[in-house]
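In order, the protein sequences belong to chains A and B. For what it's worth, the numbering used here labels the leading residue of the first sequence as 1, then goes sequentially. For what it's worth, the numbering used here labels the leading residue of the second sequence as 1001, then goes sequentially.
If you're looking for bench data, these hints aren't it; they were derived computationally from the structure. Hints are supplied without guarantee of correctness; some may be wrong.
Cβ-to-Cβ under 10 Å is the rule here; a few derived chain A residues that face chain B [unchecked claim]: (1) T79; (2) G82; (3) L84; (4) P85; (5) P90; (6) A132; (7) E147; (8) N160; (9) T242; (10) P285.
Nothing here was measured: the structure is a model prediction, and the numbers come from that model. Ideal Cβ positions, reconstructed from N, Cα and C, are used throughout, including at glycine.
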Amino acid sequence: MSENTTANYSLGGQVPTGPKILTSRWESADGHTYDGYVRTGGYTALRKALTTMSPAQVHDEVKASEMQGRGGAGFPAGTKWGFLPADVHPRYLVINGDESEPGTYKDRLLMEKDPHQLIEGIIIACYAFGAAQAFLYVRGEMALAQERLAQALNDAYANNLVGKRICGTDFSVDITLTWGAGAYIVGEETALIESLEGERGMPRLKPPFFPASKGLYMQPTIVNNVETLSNLPYIVNQGGTTFKDLGGATSSGMRIFAVSGHVNKPGVFEVPNGITTFRMLFEAPEYCGGVRVNRKVKAFIPGGASAMWFFDEHLDLPLDKPTVDQAGSMLGSGAIVVMDETTDMVKACWRVVRFFARESCGKCTPCREGTTWLERILHRILTGNGRREDLDLLFEVSESISPGLAWPPRQTTICPLGPSAVSPIASAVNRFRNEFEHYIEHGRAIAGVEYVPMHAGSSHGAHAHV
Amino acid sequence: MSRFNDSNVTLAKEIIGRFPRAKSAVIPLLHLAQEQDGYVTRDAMSHIAELVNVTTSEVYGTATFYEMFKFEPIGKYCVNVCTNIACQLVGGWELLEHAEEKLGIKAGSTTDDGLFTIEDVECIAACTEAPAIQVNYRYRYKVTAENLDQLIDDLRAGRLADEIPPHGTLARVRQNTTEAWANTGIEAQAKVDAG
Ligand SMILES: Cc1cc2nc3c(=O)[nH]c(=O)nc-3n(C[C@H](O)[C@H](O)[C@H](O)COP(=O)(O)O)c2cc1C
Ligand code: SF4
Ligand code: FES
């Protein structure tokens, strides 16, 4: 792999910089411990909030920060908290640590490397909207995150930072650590609540089951992402507007993006939100340092497997929610996957679709049946058994899940998982139709892509949760 | 076929005590059962049902939704190779194939000596470290065929026993309930549930 790959690129402007507010302890050997956290300013925001601010004042700072949720939908946290019906108690906070959208890699690091920052954020949120209890739901497969959070919670309890009369005030709240057992769909907030009630993790219909009014145990519930809550200590200490000003006009604060795939230095980067461009992230030496072997970008996924794909004409867009939405995709969970010009688009498309076929919870027919069909059709194309009518069939099945293949999708399903399976098809088949046709004609990839025959045991969406 | 032993019954009750409704503890208790026996037995599910006051079939219904729960013995080391998009792009499938050759089994099966199971898994949130794998949910990053061979040899020789406990054991540090526990949510929900 050649080293000096960035020299010939123009980044289209100065690469913006900003403070590390979420990742400041990631490099430190003891950043995850109670001592390491307190030594670096930890729990000062909690004390400040509890002893000098009213809950409404804390909520006002979060509103002023204009922080968009980092779990995928990008809804402003302060606004979401405002949807809680007044005077209905108990109300709960559920923390979504299920991180399993392909390409997404930041919540696990926040939990492993800075668990106290998250705990501090959780208590601040509970104080701001009066939660009686918080439930920290971690993805089942993340053993180290579970261990680090358990230790951090035990230490926080022992130091009067969680539980009874926190910091000597009248405010009391518990955090219960719990975890899943392997099911992507449980990341969807109503499915998460079902799972937390001890059920199969299938989404609830919205309306009527909007968590803010009918959530956990049918009580008002806020579901927030790990990264969202990890921002709260900074917002309380520095103020909402200071946070806001770190980012662009329509995307505030700093934000973490994971860039994987065909770049020289894949990595997880905290960048000023809304003003850094994709090109900067891919090419700047302080980030990914260019596409491997000086190749060109063929396509990239800007926001997780559910997102529509982007191409070279999108490289100079800023990572700004409204800009990316407008361009027909989403920043989702900050998961960027770069594919260079040698990528087999049929195989890439199939692999993402197989994920959704496997993870469909089976509650609604268009998704359960449709995603399985899509996967089977793509798999037969990939293994040299494609038929001429298959491309039309792919679109026909896609239409039954996501009418009009619109963006944002119109769904015939209970939750957005079904339509997500259509994104890679609408992206790859439309743009690289010749590659699919070549497979159908010749049973293999076009010249110029890295053709590797299919692994024999890799077929079909075998274990849908039905 | 085993129910919880005495110390796990105590632990199970402590876990249940941190939720406003007992059924919420089902998934953590299924993990505890899997930790005790290496997989989830019928008797363990009946025992969980008794502890949280639901039927065994309700526990079974929940358990079968989640991929981490196994209902028959699997390998002592479960090797999960990620083949999702970021890993596929840099050789996830080739790595899986190598693991299959090395162990002489296909993904989804277990070696005759009961030591290894291989699974072809979805994204494990290590995409920038691709290709990534987990052994009993402990990570290995940027794995090559050579590292994989070494890893398997080390596991076989028992050299990683401290770092990687047998399948079933997940977190080795647990949350404790101490006198600092506030119980506010549980009391408030109990009032609502009592009408
Ligand atoms: C299929 C699906 C999977 C999701 N997975 C996650 C996840 O793993 N983590 C997460 O925080 N949000 C996930 N979400 C989004 C949640 O439903 C919810 O919007 C989010 O947790 C809210 O937190 P935020 O407002 O702080 O972003 C998922 C949504 C869908 C439809
Ligand atoms: S769209 Fe798919 S994942 Fe979502 S509820 Fe329906 S079947 Fe389940
Ligand atoms: S795609 Fe393999 S870890 Fe995310």
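Status of the hints after comparison with the structure:
Annotation: T79(A) was flagged as interfacial toward chain B, and the flag is violated, the nearest CB pair being 24 Å apart, outside 10 Å. For the restraint placing G82(A) at the interface with chain B, the shortest Cβ-Cβ distance is roughly 21 Å, beyond the 10 Å limit, so the hint is violated. Hint status for L84(A) relative to chain B: violated, with the closest Cβ pair at about 15 Å, above 10 Å. A hinted interface residue such as P85(A) counts as satisfied when its beta carbon comes closer than 10 Å to some beta carbon of chain B; here the least separation is about 14 Å, so the hint is violated.
Using the Cβ-Cβ criterion of 10 Å, the hint placing P90(A) at the interface with chain B is satisfied: the shortest such distance is roughly 4 Å. The closest approach between the C-beta of A132(A) and any C-beta of chain B is roughly 4 Å, which is under the 10 Å cut-off, so the hint is satisfied. Taken as an interface hint, E147(A) checks out: its beta carbon lies about 4 Å from the nearest beta carbon of chain B, inside 10 Å. A distance limit of 10 Å between C-beta atoms decides the matter here; for N160(A) the minimum to chain B is near 7 Å, and the interface restraint holds.
Below 10 Å, beta-carbon pairs count as interface contacts, and T242(A) has none with chain B, the closest being about 29 Å; its hint is therefore violated. With 10 Å as the threshold, the beta carbon of P285(A) stays out of range of chain B, its nearest partner Cβ sitting at about 17 Å, so the hint is violated.
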